[in-house]
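Asker: Quick mapping for you: the protein sequence lines, in order, are chains X and P. The numbering used here puts the first residue of the first sequence at 4, with every later residue one more than the last. The numbering used here puts the first residue of the second sequence at 114, with every later residue one more than the last.
Careful, some of the hints might be misleading.
Unchecked claim - Within a straight-line C-alpha distance of at most 27 Å, the following computed DSS-like cross-link-like pairs (lysine-lysine) qualify: (1) Lys169/P x Lys159/P; (2) Lys185/P x Lys250/X; (3) Lys164/X x Lys373/P; (4) Lys297/X x Lys325/P; (5) Lys169/P x Lys185/P; (6) Lys159/P x Lys164/X.
What the hints assert, rightly or not - According to the in silico footprint, chain P covers these stretches of chain X (three or more CB under 8 Å from chain P): (7) 54–66; (8) 276–286.
To be verified - Heads up, incomplete: computed chain X residues facing chain P, CB under 7 Å, no partners named: (9) Val48; (10) Tyr124; (11) Phe129; (12) Leu143; (13) Gln150; (14) Ala178; (15) Pro257; (16) Ala261; (17) Ala262; (18) Tyr292.
If you're looking for bench data, these hints aren't it; they were derived computationally from the structure. We put the beta carbon where it would ideally sit given N, CA and C, even for glycine.
Spelled out from the first residue to the last, the chains are:
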Amino acid sequence: MSAFPHVAGTGIERARAQRSAAAGLMEGLIRGRRKYLVAAICVAVCTVMLLPLLASVLASLKSTEEAAAVPPTYFPHALSLDSYKRLWDYQAGLPTYFSNSLGAALLTIIFCLALTVPAGYGLAKFRVPAKEALFVVLLLGLIVPYQALLTPLFFLFVQLKLHNSLVGLAIVHTAIQLPFSIYVMRNAFEAVPRELEEAATMDGCNSFQVLVHICLPAVVPAMITVSLFAFITSWNELLAALVIMNKDSSFTLPLILAAARQQTSIGGTDWGMLQAGIVISIIPCMAFYLLLQKYYMAGFLSGAVK
Amino acid sequence: MHARASRYIGLLYVTPALAFVLVFTVYPLAQMMWMSLHNWSLIAPKKYIGFGNFAKAWNDPQVWTSLEFTLKYTAIITPILMILGYLAALLTAENRPLRQFTRSVIFAPVVIGLGASSLLWYWLFSYDFGLINRALIDLGVIARPVVWFGADADVAMWAVIASIVWKVVGFGTILFVAAIHAIPTELSEAAMVDGASYWQRVRKITLPLTAKTILLVTLVSIIGSLLAFDQFYIMTAGQPRNLTATSVFMIYLNSFPYLKLGYGAALSLILAGIILVCTVLQMLLSRRSHA
Numbered sequence: 004m005s006a007f008p009h010v011a012g013t014g015i016e017r018a019r020a021q022r023s024a025a026a027g028l029m030e031g032l033i034r035g036r037r038k039y040l041v042a043a044i045c046v047a048v049c050t051v052m053l054l055p056l057l058a059s060v061l062a063s064l065k066s067t068e069e070a071a072a073v074p075p076t077y078f079p080h081a082l083s084l085d086s087y088k089r090l091w092d093y094q095a096g097l098p099t100y101f102s103n104s105l106g107a108a109l110l111t112i113i114f115c116l117a118l119t120v121p122a123g124y125g126l127a128k129f130r131v132p133a134k135e136a137l138f139v140v141l142l143l144g145l146i147v148p149y150q151a152l153l154t155p156l157f158f159l160f161v162q163l164k165l166h167n168s169l170v171g172l173a174i175v176h177t178a179i180q181l182p183f184s185i186y187v188m189r190n191a192f193e194a195v196p197r198e199l200e201e202a203a204t205m206d207g208c209n210s211f212q213v214l215v216h217i218c219l220p221a222v223v224p225a226m227i228t229v230s231l232f233a234f235i236t237s238w239n240e241l242l243a244a245l246v247i248m249n250k251d252s253s254f255t256l257p258l259i260l261a262a263a264r265q266q267t268s269i270g271g272t273d274w275g276m277l278q279a280g281i282v283i284s285i286i287p288c289m290a291f292y293l294l295l296q297k298y299y300m301a302g303f304l305s306g307a308v309k
Numbered sequence: 114m115h116a117r118a119s120r121y122i123g124l125l126y127v128t129p130a131l132a133f134v135l136v137f138t139v140y141p142l143a144q145m146m147w148m149s150l151h152n153w154s155l156i157a158p159k160k161y162i163g164f165g166n167f168a169k170a171w172n173d174p175q176v177w178t179s180l181e182f183t184l185k186y187t188a189i190i191t192p193i194l195m196i197l198g199y200l201a202a203l204l205t206a207e208n209r210p211l212r213q214f215t216r217s218v219i220f221a222p223v224v225i226g227l228g229a230s231s232l233l234w235y236w237l238f239s240y241d242f243g244l245i246n247r248a249l250i251d252l253g254v255i256a257r258p259v260v261w262f263g264a265d266a267d268v269a270m271w272a273v274i275a276s277i278v279w280k281v282v283g284f285g286t287i288l289f290v291a292a293i294h295a296i297p298t299e300l301s302e303a304a305m306v307d308g309a310s311y312w313q314r315v316r317k318i319t320l321p322l323t324a325k326t327i328l329l330v331t332l333v334s335i336i337g338s339l340l341a342f343d344q345f346y347i348m349t350a351g352q353p354r355n356l357t358a359t360s361v362f363m364i365y366l367n368s369f370p371y372l373k374l375g376y377g378a379a380l381s382l383i384l385a386g387i388i389l390v391c392t393v394l395q396m397l398l399s400r401r402s403h404a
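Excised from the complex, chain X in its bound form (with noise of 0.2 Å):
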């Protein structure tokens, strides 16, 4: 107990900690029934998780009609694929939005990648003149957020013209992800041990080179984690987009989805099409999810909160 006295200090506590000592043969003959407790909490929790995915899937594989039925129907009774074709057909098509949003994406992974791997091996690697005030800079993303920023934004990009371009979207993007990216680049960097590029330096070699044949290698899982999240925001953000893309051909996916519910809502939403339009987005993300969820882990515990 004196291994953690502020845990069980009072006479009190220490009563109670004994009298359920005597309860755990109680609590051992239960045990077996609690893990079959635990075990069914986890699968309805799962249950109530996955539901409305699967929900999603099942309706957008619906036919036409029974997409619109009143009540709907828990599972099709046919499987089609009218809902994607609608979608494909859909205003200018999905082929464009879908191109538009990975345009954007890929756009916001190069910026970020471009942009935070020489700051960070900068600020970790070099004694940069004011470095505290320059990071301060740097994070000033997570202290503004970009939401506010969208007035002026706005502004400047039709003075530039760069509203309703991907690049212009794409720039917002970037700045949104800029603050966390510059944290995981420049731990990264830090992490990379100093005897190697001093011998690097030994031999020759410059900062350039040091950062290309040295540094890069021993940071590419940090690259992955940045250009996955730079890739998640890009996909899925909907108020900058609907704010610099005004031209219904410059759509991303989650803009044509927001307007289709929107344009249909007065002749009747097309369901169907709507919900193949959230399994068309969710897709990628999962996707990526799945294959990267390392990477993801490691930025979330790194950068997510900081």
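Guided by the hints, dock chain P onto chain X, whose structure is given.
Answerer: Same frame as chain X, now just chain P:
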């Protein structure tokens, strides 16, 4: 040997990111302050009006309605998220197959888009076509379908809360599990030898030793809720009568469809000020946790 030179080489590597932040964060921030002092739209010439926009905000009932609604939403959803997230973490913290699987499932909705999940739940809660009304009727909980969105602001808020809890509860769970794993196992073992029951150990050991994480996640969650937009834009569209228009939603409405950029900038500045308080608190906390 070449320390002085290397300082500036280091600066060179940081320059692109710095330039980006200066152009796309610092400049807009300054611009926002400047705009907030003007009557500024894309169509009419801008006019300096001092703190006129702020005075207007003070007297704008919609600003107060939105702020009040956003605070209410935040005050209700934060404890729900924290308690459910923590219970889920306690349930799944042990590294056994079923629990690890459950943890991954709980986290899965976090990775999908807020827009996609909001549309999904908008459909589930739909009056005629939604599976929730259908299931509640089949289970005998309600006799007639419920109008979830558009009629009553509180009903709509609860529906949104249900969807957001499903969507983000795993965020806290994952961080809580990491914090629980960081507790030295000797502590729990010693308590077990002493005969402390499971819930006693949770209360005396797990909760106090993860308190810092709980605080940090609470702050992150509060900031996220104060900035809520997607879920209301998609699910309630602010209805009924803009009663469910959150602060960000109201800024969006003023700035873009109405193009009152100066007024929107002033409102943004006010919101940024509120968020700043939360962020500074969060940073102070996480800095202390490093030490």
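Asker: All hints are to be evaluated individually against the structure, with a verdict given for each.
Answerer: Status of each hint after checking the structure:
1. Between Lys169/P and Lys159/P, the direct Cα distance comes to roughly 17 Å. Compliance with the 27 Å bound is thereby established for this hinted pair.
2. Between Lys185/P and Lys250/X the CA atoms are separated by roughly 35 Å; this puts the pair beyond 27 Å, and the hint is violated.
3. Between Lys164/X and Lys373/P the CA atoms are separated by roughly 20 Å; this keeps the pair inside 27 Å, and the hint holds.
4. Only pairs whose Cα atoms come within 27 Å are accepted, and Lys297/X paired with Lys325/P is accepted, the gap being roughly 24 Å.
5. With a C-alpha separation of about 23 Å, the suggested pairing of Lys169/P with Lys185/P holds against the 27 Å cut-off.
6. For the hint pairing Lys159/P with Lys164/X, the CA-to-CA distance comes to about 20 Å; that is within 27 Å, so the pair holds.
7. As drawn, the segment 54–66 of chain X meets chain P at 5 residues by the rule of a beta-carbon pair under 8 Å; at three or more, the given contact holds.
8. With 6 residues bearing a CB less than 8 Å from a CB of chain P, the segment 276–286 of chain X meets the requirement of three and the coverage assertion stands.
9. A distance limit of 7 Å between C-beta atoms decides the matter here; for Val48/X the minimum to chain P is near 6 Å, and the interface restraint holds.
10. With a cut of 7 Å, the hint placing Tyr124/X at the interface with chain P holds, because the nearest CB-to-CB distance is about 5 Å.
11. Checking Phe129/X against chain P by beta carbon gives a least distance of about 2 Å; that is within 7 Å, so the hint holds.
12. Look at Leu143/X: its Cβ gets to within about 5 Å of chain P, closer than 7 Å, so that hint holds up.
13. For Gln150/X, the suggested interface contact is upheld, since its CB lies about 5 Å from the closest CB of chain P, less than 7 Å.
14. Interface restraint check: Ala178/X against chain P, minimum CB-CB distance 5 Å, threshold 7 Å, status holds.
15. Hint on Pro257/X holds. Least Cβ distance to chain P is approximately 4 Å, under the 7 Å limit.
16. Hint status for Ala261/X: holds, given a least beta-carbon distance of 6 Å to chain P, under 7 Å.
17. The restraint placing Ala262/X at the interface with chain P is violated, with a minimum CB-CB distance near 10 Å, outside the 7 Å limit.
18. Evaluation of the Tyr292/X hint against chain P yields a held restraint, the C-beta minimum of about 4 Å falling below 7 Å.
In the structure shown, a violation is registered for the earlier hints numbered 2 and 17, in ascending order.
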